[in-house]
Amino acid sequence: MMQIERRQIESSLCIKGFLEDRSGDHRYFHHIYKGKRTGISTKTSHGSKDYKTYQDELLNKIKKHLRLDTKEELRDFLVCPMDAEQYNQILRVKGLLPE
Amino acid sequence: MNTSSMFDTNEEIERIYEDILVIHHYKPSPPERSFLVESTKYQPFIPPFAPLWALQIKGKLYKLSLPIEVHISKEGDLYFAENETLLLSGSGQSIREAIEDIQSDVFYFWNYYRNLSPDEIIGDASRLKEIYENLVIEE
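Chains as they are written, first to last, in my numbering: chain A, -7 to 91; chain B, 2 to 140.
These aren't lab readings, by the way, just hints derived from the structure by calculation. Everything numeric in this text was worked out from a predicted model, so none of it was measured. Positions of the beta carbon are idealized from the N, C-alpha and C atoms, including for glycine. Hints should not be assumed to be uniformly reliable.
To be verified - Label-pair distances were calculated between CB atoms; the ranges are:
1. 139(B) x 44(A): 33 to 41 Å
2. 43(A) x 32(B): 38 to 46 Å
3. 139(B) x 81(A): 21 to 29 Å
4. 32(B) x 63(A): 44 to 52 Å
5. 43(A) x 55(B): 26 to 34 Å
Isolated chain B, as found in the complex (with noise of 0.2 Å):
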């Protein structure tokens, strides 16, 4: 991934830096905020992978069995965060936005694996389900 070419200017990097903390679930106190932000404006850096450990569905916290491996991309205006194993896309004018969009995704598709019987899937559904059904933790 370019990085150099992606970034036009210093609020963007820093708003993207933001979506960055979001995904990983992460509150640095300010003055370390204050150094990281500027030392990204030097090197923009936008990791390729990240991990989600946590569903955030409408201010409430699912936690994950496993983290969810989502790679994040920007195509034309958009930017992504998929999936590969789940074959989930979210997208949205910012990370923070794709990022909420795959978790809605997720939310979604484990309550809909979870409903079906193993009478009612066939072929990948199997394996979905398989996944889904141990993936979100109820508390």
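Just chain A, same shape as in the assembly (with noise of 0.2 Å):
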């Protein structure tokens, strides 16, 4: 099982690329590249729910949110080897980023 505290993923997001946008209970965070918003986004929960450590089945969603395949690429992006380049590089192959 895999565990990640949501400060984390939080810190991670805007390193990587992410831009943070705070609404209500929810922090949402967009992948920009190049300056544009590519549309793949993500969010962690604040507020009345507030999951302060994330745990398979909310880590499971926001894989699918950052279009990555496996547990191994979450947790490379989450806690650290994948910089934003490895990350776009990713994207790239899967054609959702242009070369």
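Combine the two chains into a complex, taking the hints into account.
The following block contains the structure:
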């Protein structure tokens, strides 16, 4: 079972090319590539639901939002080795970003 | 989906049934409701897909030009309401909460995309903008 602190998730997203938008009980994160919005977005919950530690169920949803295929890719993205350019390369290979 | 092991008590079945009615914006008469809840106890049913016809946001109802197909599931202690086309997932302690969560996401992204100009977007954002722009009927 994978567990990652919400704060760590939010920090990684901001470091790796996502722009944060605080809106009500959620924080939305939008991926930016060459100054443009790519349509890849995810969110973390604040407020009443307040999940401070994300476990498998919620992490799987974030994986899907980020268009990643495996838990390993998600862990690499959220817990460090993967940088913004490596993430963009994954998206380019999938045809989600232009070359 | 294995429904036989999903629900522990009649109360939970009744609560889930109430949530399903909320999804459909449907208010049955009291005798009709009793019959439906009673029959649900003997054959627990949670629809794998439910259409979302409108958004209820802060007491205001926003109609949708097309129904959004919402996939409902339970993982661990959480219920999820998801749409594959829009890549959205709402979550909560009940189906109702999960549906409310995905409704607020749809509403958020509707506002998000309609405020973006074509030269601000790239890749899949173009597809999503086109969907969202005609999704909500403002009254």
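Hint check:
no.	hint	result
1	139(B) x 44(A): 33 to 41 Å	holds, 37 Å
2	43(A) x 32(B): 38 to 46 Å	holds, 41 Å
3	139(B) x 81(A): 21 to 29 Å	violated, 40 Å
4	32(B) x 63(A): 44 to 52 Å	holds, 50 Å
5	43(A) x 55(B): 26 to 34 Å	holds, 27 Å
Checked against the numbered hints listed earlier, the structure breaks hint 3 alone; every other hint is satisfied.
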